[in-house]
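Student: Single-letter residue listing:
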Amino acid sequence: MRNKGIHPPWIAGWLIRRMFPDRGGCSILGDMIETYHYLVEEKGPFWAWIWFWAQCIKAVPPFLIDACYWRILMFKNYLLVTVRNLRKNSSYSLLNIIGLAVGMAAFILIIMYVQFELSYDKYHEKADRIYRVIREGRAFTPAALGPELKEKIPEVEAAARLIRSSKTLVSYEQNHYLEEEFYWADPGMFDIFSIPFVSGDPRTALTEPSAVVLSQKSAKKYFGDADPMGKILTVSERFEFKVTGVFENMPAHSHFVMDVAVPYETYFRATGNDITGWRSNFSYTYVLLEESAAQQEAENKIHPFIVVPLLKAAGVKEPYPKYFFLQPMTDIHLHSHLEQEISVNNDVKYIVLFSSIAFLILFIACINYMNLATARSLRRAKEVGMRKVVGAQKGQLIAQFLGESVVTAFVAMILSLIIGLAALPAFNNLVQRQLSLNPFQNCQLFLGLVLTTLFVGLFAGSYPAVRMSGFKPIAVLGRAFARSPKGASLRNILVLAQFAITIFLIVCTIAVRNQLRFIKTADMGYEREQIITLPVRVGSVRQNIQSIKEELMQSPDITAVSTSGRLPNDIDTFTSRDWTGRNPEEPIPIYYNTADYDYIDLFSMEIVQGRNFSRDFPSDEKGAFLVNETAVRIAGWDNPIGRKFTHWNGQNGEIVGIMKDFHLHSLHRAIEPLYIFLNPRDFSSIAIKIKTTDIPATIDYVKGIMKKFSPSTPFAYSFFDEVFERAYFTEKRMARVFGAFAILGIFIACLGLLGLTAFASEQRTKEIGIRKVLGASEMKIFFLLSKEFVRWVLLANLIAWPIAYLAMNKWLQNFAYRTYIGAATFLISGGAALLIATLTVSYQSIKSARTNPADSLRYE
Amino acid sequence: MNTKFISRSEEFLLLAVWRLKDSAYGVPIREQIKEATGKTWAYGALFVMLRRLEKKGYLKSHFTDPSPQRGGKSKRIFRLSAQGIKALKDVRKAQESVWAGIEELSVSQE
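Chains as they are written, first to last, in my numbering: chain A, 1 to 860; chain B, 1 to 110.
Just chain B, with the same shape it has in the complex (with noise of 0.2 angstroms):
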């Protein structure tokens, strides 16, 4: 059978998610793709990833009570799906066996 693996952002986001466990919400999302990758993402780009991603399956999300700090509105808490869990592994999975045994290859071309 052949996978389907998830795009290069994505997998920055779901790994993002992935560490952020119970606080993952848009704000530190944000912040961690920014430390990874050094791209500061707009917002609005960062929630239709989101969404996309929840549409397909990878993530599930649930809503916290609203809070005064965020003008009343309440955090989107998101968290990996079984089925993002499997999508991560695969694509590492799939890394690792396409990188394997080209360790030197770093080294020679420094």
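Chain A extracted, bound-state conformation (with noise of 0.2 angstroms):
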């Protein structure tokens, strides 16, 4: 029988081995081999052959149906089953998607907005190996500093300058615009940043001592859709540049975004300061290390290698401070927050505080899912019970619950995507960024959503899974089911934790808007209502100032103009003196400003001693100070009127008199010594008083009077009260989103709150019938349904209070001058969850109390 060189296929015989594995396919693979011998011998081994093969596939289908048959029909059962309940149950089920969906929208929104701030500087090629060269505190570094660096040391690969002109006159024709992101560059920046041409070469568009470089967006500004290259722009009325190149727009997530680059060494020829210097700093460095090069190693060259030699030569003596420091570019946009930063940034503290409000938001949501599904568990319990005695283990029963919980979650998800859509506007307003909401376009935001789904539904689903399939049929079966107290104070833990975390959120609002109205009515120092402030960036205004001044005044409703180098509220020119009377070996650092005669009285400033700035004493034309408190404190003088002083440029002159401290930074920072050095003709902001009777007209009439000095200067303004709040820009965001996300807990806590009360007074109907029978007031029936959930309410007051007090106090840390935070904070706080929660909880509460007895009694 046994036919030796034929056999069977193998491949065909492992097939079936791997479709039916029994006993190594004893059985099945037996019977065709069998059957296979016999066909050899009757139709020959070729027909076999085809016949083995044929058997094989035709085993397929089977195989698969059978392989799926259990799960198809047990499936079909599961969907069918989910979509009943769904439906059954309508409004719960509303009210848990619903829950699921607000917090959905709101992590994801908040997700992106993380997302988006994380990845700021990190599409440059190099972006790994380009540091900016920094100061101790400062971002300002010398001009001579890049070459040197890019000469000294070993690890510089490249080295490149910048200087910012915000506000810069930049005009084409008729086409004149300012400038707010108007840049000083050395050619060697297109070697660090990629920044992608369209047209020109980026190694040599800024080689040419009068070229311009602009991005497409302002390319187009200027010439619409003519060819820009070669055409010549002007800047501040004065310099010609040619256009050599267009660059592609820099991205929104870069912590500098440039406009327009004019070559950096003209700078230094137009303004006359000296390139080779190492004594003004005004001046962006940021290097390209080599690949293999450490950050702390080049860091540690710059200090013998150039700082070292250069304070000998000049004949400092030792110790040497450590000068220059290297951070990281991709560090710049979340963990620097140095002064003179290019741009505002942002601060990981923050995007560490959004995610977790983020966290907590979809944790609450999640939490409500959990609540609503385990207090509606007992529904289900029978059909557990019933599953579990047909069969069912408790593995296919968790699947299925999660299985719910998933299918839910995807609903959810669908809803939270138009919530989301609908509250983009509004978000982006809140974090002041361009975002977009496009799953097709954004796979990582696709993948995040479907992440997040499954998350949320294995997560939310977990709970209720396990402990719906622990019922023991008997039990549950039986007629005596009745409520478990477990499940009870788990779900009590629940709104516990939900409370916690709302009021949580409600006490950090409310002592981030307390520490904000602090500030906005805070004493500062100097006046900052009805006046307006125009930037100053050309000559044709310096030059006229006084008859320009003169034609203002002539208005009634303009009471005082005055020119400065700054504006009181940011004082950030800072510089180091040898101050007479100490030691000129320790050169004391002090923020400086320029201003005219008008200056203090305008700005209502206070002078304790001496005197103002005056036109009755020629002798301040040739160079006169103004102190602030903490400078002659610091200073330690006696008697600091009529002292000499100089100024950082060399000008020397005396000190006329003291000026009381005024805050000439944000309330972050304590009040620094300053000086005040006169100086009408050289200035970059003009502040205007005026009266409140008319302010469109008057800022109609200043505009009428610029344009006929510079015609061609773009006419912009600010009022000093919006100027003064920008600084706290962060501050506000965060009282805005934590209010929104206040108030999102709230909602789906209270969400949850509404089904769990329902579902009680359900289960309590009967108890309400006898109650009412034997003469409980409504009254009483409404405390009693009440009660409970006040009770951990309260609790959750006692369990929010000290964290939040906690974090808040860190947080007020950061402000040099603050508010408190005070017993009525954290009353506000609790007594408005409180509140809240009972109006939700009466709903229903009040609904049952009302029912007639008997029409309850007679249920069931």
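Calculated from the structure, these hints are not laboratory results. A portion of the hints provided could be inaccurate.
[Claimed, not checked] Keeping only pairs whose Cα atoms sit at most 27 angstroms apart, straight-line, the calculated BS3-like set for lysine-lysine is:
id	chain 1	residue 1	chain 2	residue 2
1	B	K55	A	K394
2	A	K520	A	K660
3	A	K472	B	K56
4	B	K39	B	K55
5	B	K39	A	K58
6	A	K167	A	K708
7	A	K43	B	K56
Small disclaimer: the values here were computed from a predicted structure and weren't measured.
Join the two chains into one complex using the hints; note that each chain is given alone, in its own frame.
Tutor: Here's what the structure looks like:
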């Protein structure tokens, strides 16, 4: 019978064994081999071979059907039961889905924002090798530093310097714009950063002294659709630049977004500053390190290779402090809080905070689902019992309930996308970003959505699934299955957690708002109402300032006009002075400002000793200083009036008066020493004090005069109080985000509470009926139903308060001047949460309390 | 109590196993079916059906010693379980009561 050399095809045999692993395919494969041998003798090996293969292929469909048979059968049933359950308890399902959807929408938006913030500057190809050179606490570095680094530090592959001149007047024929993002840049810039050119050659574009490169956006702004290459732009009415290149718009997630760039060296030619100087700092220096170089090693070489020789040559005695540091460029947006930052940075603290809020909100929404699902679980206890009796295993039941919650989460996700899209404009406004929510374009987002849905479905479904699948059939199917106290206590803990989080958010909102109100009403030491400010960047205004001032003052609605280098709210110009009367080898850092005669009066500052700058003293023209009280205290002067003092540029003069301390920075910082040097000719802003009678007309009047003296400069102005408040943008945003999410948290928690009370009162229908029959008043019933939740909300306060207190106290440490968190904040938050919770609960409680006992006792 | 009847093909399979007594394994079962119904089943389909019947509890099975004729594989011999016998009886009873009194039908049709 056994025919040597004739064997069934082994591949087919292997396939059969894989499909039917029945003791190594014993029965079926054995049967087939037996028949195969029979066929070999009957019809020949070829036909037998064909037959064997045919059998193998024919076995595939039954195998597949069989493999899925039971699962399909059960899956159909699960899906049916899920849909039925959702429909049967439609209001409950709606509560559940809306709660989840709102939570998920908030989560998606915040995570999108966080993702955006984390992506800053990472798009540069060499991002991980780019560093910014900084000084202690300051971003500006001397002009001479860049080339020195390239020459003397072996790790430095390239270096580039950058000066930002915001509000620079750029003109082409009749188009005049004040460019915010105007930079003087080294040509090496394009070796370091990945800024692709649309036309022109990035290597040579900025080598000509009168070359300018533009972003596509600004090229379009000036030239429309015409070819920008070779066109001439006029800068500040004086300098002409020829367009040599156009680059792609820089992405919004960059710590600086350049629109116009002109050669760095031209700045020094135009202003007469010394490009090899070490004394004046107004450039940003970026370096590209070699691939193998370590940041620390390169940084450590700057000191001995560059700083020490310089100081030695200048005859400064040791010890030399370490001057320059390297900062990874990708850290700038979230981790850098220096003075003189190129643009407003975010703070990683806020990113962490926002992400935590996102997760808290999602957590609250999941808790809601868990709560409602377990509360309802009793209704399905019989189903679980039945399934178990007919042989369902615990694993199957868990899978069933998890499947249900994933389906619910999926429905919620679709709804949350709709909510998210609707809320996106408001959210963008809240965080001041332009995010877009399109999962079909952003595959990370799409993946994130799918993962979030799965996570929410599995997490929110986990507890109900485990709990429900644990029901014992005998207990459930028997008659005496009552409310399980264990489940109830866990539900209460979840309510507790929800409200603790919500109250925490409310306390934070109120505390942040309090601090903001404190800032808004704080006495800064200067006036900030009814003042408009104009930026000045062109010579035509500076030369004619006397006439401008006179003409402005002719208006009855203008009470004062003053020019100055800096406005009093943020004096960032900084120098170190050797003060007479002190050891000259210990220069003292001091802030400085330049201003005209009217500055002190316009901003209502006080002079505590001496006098203001005055036209009555002709000697002031030659050099006069005002110093603040802090400066006097630090210098240790007994009587500073009349002392000789020197401006940073070497001009000498006399201290004529002492100003009362005012906040020259935001309230984050303590008051620091300051001097003001009288200089009515050089200034960068004009402040105009106006009356409130007809503000638009006054502004029109100012515009007319400015246009008369500088026709090409676009008229731009700001209200000083708005400028002032801009410094607290992050705090304002935080207050709004906290507020928005506290409301969301409350909303979701109340949805859950609504569902839970509905359930509780439904369970106690009979009890309520009997109580009423025995004479309980509606009020009593109301208290009976409400008191449980109220108790938990009260307890939630006790948990939330200390945590919120610690967190907010820590946050307030950011301010040198701050308000305190009073008991009222806590009482109001707790009271609000309690009130809202009670209102929510009362809707259901009153409904049950009012039911006619005849109806409720008849039920069943 | 309502009895759930087994399907036609299940009935054929159970009857084949019943007829074959102790030698009811794949090859002869397939032969039997072919003889009775004229249809040739693929082994895959046959195996799936047998396994499903066993899962449902109508059949029991055991393995014999491996034989060289089958490429060193053992046979899986099927037997009816008590439930299987009851299922067959139920089907037969139902069939008889359904067909009772309509013998003439087949005659008159011819």
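Student: Next step is simple, just say for each hint if it's right about the structure.
Tutor: Outcome of the hint check:
no.	hint	verdict
1	K55/B <-> K394/A	20 angstroms, holds
2	K520/A <-> K660/A	20 angstroms, holds
3	K472/A <-> K56/B	25 angstroms, holds
4	K39/B <-> K55/B	25 angstroms, holds
5	K39/B <-> K58/A	15 angstroms, holds
6	K167/A <-> K708/A	19 angstroms, holds
7	K43/A <-> K56/B	38 angstroms, violated
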